[in-house]
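With chain A held as given, fit chain B onto it using these hints.
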Amino acid sequence: MSDHRVINSRLPRLDAPVKATGRAVFIDDMSFPNMLHAAMLQSPLPHARILKIDTSRAERLPGVKAVITSKDAGLVRYGVSPARYDETVFCHDRVRYVGDEIAAVAAVDKETAEEAVGLIKVDFEELPAVLTIEEAMAEGAPQLHAEYPRNLSAEVHQEFGNVAEALKTCDLTKTTTFKNKRQDGAFLEPPGCIAVFDLDGRLTLHSSTQSPHYVQRTLAMVLGLPVGKVRVVKPYVGGGFGIKAAVNTGELTACLLARKTGKPVKFIYSREQVFMLCRARHQFVHRMTTGVKKDGTLLALQHECYLDGGAYSSFGIATVYYAGSLLGGPYKLPNMKYDGWRVYTNKPTCGAQRGHGGVAARAAWEQQLDTIAEELGIDPIELRLKNMMQAGDVTCNDLNMSSLGMKECIEAVRNASGWASKKGKLPRGKGIGMACGFFVSGAGYPIYRSDTYHCTATVKLAEDGGAVQVYSASAEIGQGSDTAFGMIAAEALGVPLDCVRVISGDTDFGVDLGAYSSRQTLMTGHAVKEAAEEVKRQVLEALADELKVPAADMDIKEGRIVFKNGLVDYSGIRSRYIKEHRGWSDSPQEDALTFREASRIAYLAKGTIVGTGKYKPPALGGTFKGAAVGTSPAYGCSAQVAEVEVDLETGKIVIEKMTDAHDCGRAINRTSVEGQMEGSLAMGMGEALFEEVKFDDRGRVINCDLAEYKLVTALDMPPVETIIVESDEPNGPFGAKEVGEGAIMPTIPAILNAVYDATGLRIHELPLTSERVHAALKARGIKQ
Amino acid sequence: MILPKFEFHEPTSVAEACDLLARHRGKARPLAGGTDLLVNMKKKVMSPGHLVWLGRIPELSRLERSNGTLWVGAGVTVSDIAASEAVAKAVSALGQGARALGTPLIRNLATIGGNIGSARPAADLPLSLMVYGAELVLAGTSGERRMPIAEFFKGPGLTTAREDELITAIAVEVPRGYSGAGYLNLGIRKSQDCNIVNVASFLELDEKAERIRTARIALGSVGPTPLRSLKAEKLLVGAKPDERLFEQAAQAATHDCTPILDFRGSAEYRRAMVDVLTRRTLAMAMAEARSRT
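Sequence order for the protein chains is A and B. When you line the first sequence up against the working numbering, it's residues 162 to 945, in that order. When you line the second sequence up against the working numbering, it's residues 72 to 364, in that order.
Excised from the complex, chain A in its bound form (with noise of 0.2 Å):
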C-alpha cells in the first residue's frame, strides 16, 4: 500500500453532511430581493421562417416587467468551438427545429412569464424539414445554414498508416454497420441560472453549470461585455454529463433581461425543455471493416460514421473528430482510416456526454472484435490481450499511453467473473460477455486556441493559523472533485482533511476550464497540489527561520512538523502561540510542534501566506488537421464483464452482474472511483437496453419526460463489482488520473457481447429493447 496519509482512503465526502440533510443550495433554492422570473418562446415548428413578432399582447400583460427578441439580443453568433459559431440568442429570420428560442419575457412571477409567452404571436412560414442523416445528406434537401453546404456541420478524414494496403494482407476481414439511438443527459436537475447586475454595471450569474469560465467568456462575448466585469459562480450542482459543458440559451436570456429590468432574473429549465436543449449524446451510425492476420494480430480499422447533430453545432465538432480518434487505442493499430460527417438536421442541437464521441464506436467495434475472434477461434480475452498496448506506447494517431493497466484490469474481471468457468458453458438464455475502453484524462487543448492555463488554484492558509483554504474555478457537480482537490491540497501540505475547506466554482478564484472531458482531477488536481505545496514550502521556510533550522530538515505530517534529525526545541513557539490565546481551551497538548502554531508563526513573521498553481498540458499529439482532439496528458482505461439472462420468449435481457475494472491511475479518493465507475455503468447501461429520444414526424420530442424516456432505475441495477487497479499515472498529480467517462466505454460492447453469448445474435442497433431482442430472435427462428 501506499504511504499516503489522506488520499487513496475512503474519507466521506466533504458536501455528505450537507446533501444528506437537503441543506446544500442548488440553483433552485436560491432567491434574490425584488427578483423576476423569466419564460422563453420556443419554436412549434422544426423550420421555418419568422416573417413577423409581435410582442405587444405579451407587454401589456400586469406583472410583465420585459419582452425580448433578436432586436434586443442582438445577433452575435456564439457557439462551443470557435471554428463553428452558428447560434443566436434569439431566432431573427428562421427556426431550425422545435425549441428554437425566439423571445423572453420577465414577469413577477412564472405563472405571469408563461402567460405572457402564451400572447407573443409570431407569424410563419413553413418550411420542409430535414429530419433523419438520410434525409439531410438527399440531394436537394433543404438547407438549415447558408454557410454551411450539404447540411454538412462538419467533416473529418483521416488515416494513419495505409489501409488498403495493409487490408489485403489480412486473412480475416469483417464489415458491420452499428447505430445507437440519440441520448438525453438526463441529470436529475435540469439547469438554471439567476442574473443580477450590480449597480456598477458588473454581472453576476449564479448558474447550474458545468465550467464558469467558458459561460463567462461566452457571457462577455454575447452582452458585449469586458470580462473583468462578469462574474460566474456556481452553486451545488445535481449532475451535467457534459450538457452544462457550454453556456446555454436560458443563461443568456436571464442576463438580458436583468440588464434590461436592472433586476435580478431567475430561470429554470423544464424537463420538457431540457430535451429540446438537448446537447446530449449524439446518434451515430458507424460503418467499421477491421482487417486482422489468422494468429489475431489487428492490422487495420477503415471506418465511416455520420452523426445526426441537430440544428447547430455545440460540441459536434469535437464530437465527429473523438468517434475517430478514441478507436487509436487501447490496441495496437497500425492502420486506420476514418471519414466522419456530422450533419445538421432540424432536431435539437446534440453535444457532448460522458465518453464525448466515442461511446458508440467502442461499442461497435468491441462487438466487431468478438466477432473476428470467434471466427478464429480465439477466446475474446486472449484477443484482447494479444493486441493490447503497453504503457509508454504511442498510438497510430499520436496518442501517448504515458500509463495503460489494461491488462491488469483484463486479467482483473477474468478472475472476478470467473469467466473460465462460464464463457461457453452457460444453459441458453444465460451469456457473458466482456469488451475494455479508454478515455482521455482532460482535452490537451481549450476548446478555444490559447495559451491559457487550463486551470490555476490558491490555497490561502487562515491568518489564525490550522485552517487551510483552497480556491477555485473548477465545478464540483455532484463527482467528487470538491473532496478530491481538499484530499490533494491536505496531502501535500501534510494535514489531515478537516483542515482544508475547498471554496470552488467561482470566476472570481481564478481560471478553470471546468468539469468536462474528465479533466478536473489530473489538471485542477496538478494546480492545487502545486498550490499546497508552495504554501507547505512558506510555512517551512518561516519555521526554519524561527527555530534555525534547515527547512530541508522538517517535514508536515498529519498535522504535525517532522524535525528529520532529532529533537528541536520548540518551546519559545508553544508558548508565544499560548499567551496569544489566553483563555482559549483549546491550547496545543501535542508532544510535537502542530501544523496550527507553524502556520500562526508563518504568518506572523510574513503575513497572510498563499500558495498557489497553474496546469497546462505540455504540447501534445501529431501535426494533422484534428490532431488536438483526443490528446490528452494520460489514459484512464477500463475492462467490463457483463453476465445476462435473456428471456428468449419475451426478449427481455436481465443484467444479472457486471464486474468491472478501471485504471484510474492512482485512487485519490476509492469510494468516489468506485462512485464513477457505477454511474459511468449504470448510464452505459441505459443508453445499452432502454434509452432513446423519440421524435414525431413534425420533429417533437415524443418522450419528453423521466417517465417515458427510460432511464435505468435502482431495480434494474445490477449487483456491480468494482476493481480499482493503479497504475501511477507519471503525468498526474500523485499518479491520477480520470474515471468519469472511461468507466462507461466497455459497458455497451459487454452487454451486446454477453447477449450474442446468451442468444447467437449479434444486434448492431441500440437500445436492445425487448421489442428488438424479439423481432431478432423471431427473425432467426430461436424458439426456446
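Keep in mind that a hint or two might mislead.
[Stated by the list, open to error] The calculated lysine-lysine pairs, modelled on BS3-like cross-linking and capped at a C-alpha distance of 27 Å, are:
# : chain 1 : residue 1 : chain 2 : residue 2
1 : B       : K261      : A       : K271
2 : B       : K261      : A       : K591
3 : A       : K282      : B       : K261
4 : B       : K261      : A       : K342
Rather than coming from a laboratory, the hints here were simulated on the basis of the structure. The structure displayed is predicted, hence computed values, not measured ones.
Using the frame of chain A, we list chain B on its own:
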C-alpha cells in the same frame, strides 16, 4: 410545470363528495393519490376547475374480509394492497399487480380507486379484479349501485360512472378452493413503466382437480379498455389443463385483442406478448389452483 388553477374541496363524507361532484358537474374531478390526475394537469392534458379530495373520508380506506367477500375501499393505497396478507391469501393476483405498479413512492400515494377510475388501458389493478369477477360499489347523489368491473370501462379515460358518482369500494368474492390466478406485466424496464402488455388469468378446477370449471383471462394495454379473452376462456372450460391446452388458449387470446402501434411498442410485438403472458399466467393460475386443493 405549473398546475393550472383550480378550487380545492375537502369533503369528509361520501355524500358530501357526491354533492360537490354534482354541483360542479363536468368541471370537477375526484382526487385521491393524484399520481395520474396531477401529472396530466401539469401537462395541461386535463384542467378541471374543481378538485374533490377524498383523503378526509375515512370509510374509503377500509380493507376487510367478511362473509366470503373481500372489501377494498377505493382509498386504500396500492402499497397497502401490496403488503396486505388478506389480499395475498384471498386474491394473490391483485397483490401481484399492486407490487408491479409504478415505484414505491407512487404506490404509497396511488389508490385502487384511482387506478380503476382513471381507466387507463395499461393499468395494473383492473385485470386481476376482472378475472376474480370483482364488483365496484359506486355512490352518487341518487344512491349506491354495484356493477361488475368489466362494465365500468368505456375507453381510455372514459367510464360508465355518472358525473356525480364515486367508486367507494371494490367487492371481491373470495375464490373457493381448486382455484388460482396469476398476473404478469411487461414493460421496458423493471419498474416505473407504462405496460406494453399485461395479463391476468384465473382458473377454477372441478373437485377432482381434473378439468377446468371456470376460466377468465383479461388482457391489458392491447385495446381501448381492459379486455376479456372469451375465445381463450371457451377453449379452457371443460378441458383438462396441460401445457398444450394453455398454448392453444394463449394463441386464441391473441385473436381477442386489438393492439395499436405507438412509441412504446408495435402492435405485432404486443400481440406476440399476449401469447407469452397468457400462457405464463395460466401456468401461474394452475400452480396456485393445485396448491389450493
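Right, here's what the structure says about each hint:
no., hint, result
1, B:K261 <-> A:K271, "violated (36 Å)"
2, B:K261 <-> A:K591, "holds (18 Å)"
3, A:K282 <-> B:K261, "violated (44 Å)"
4, B:K261 <-> A:K342, "holds (21 Å)"
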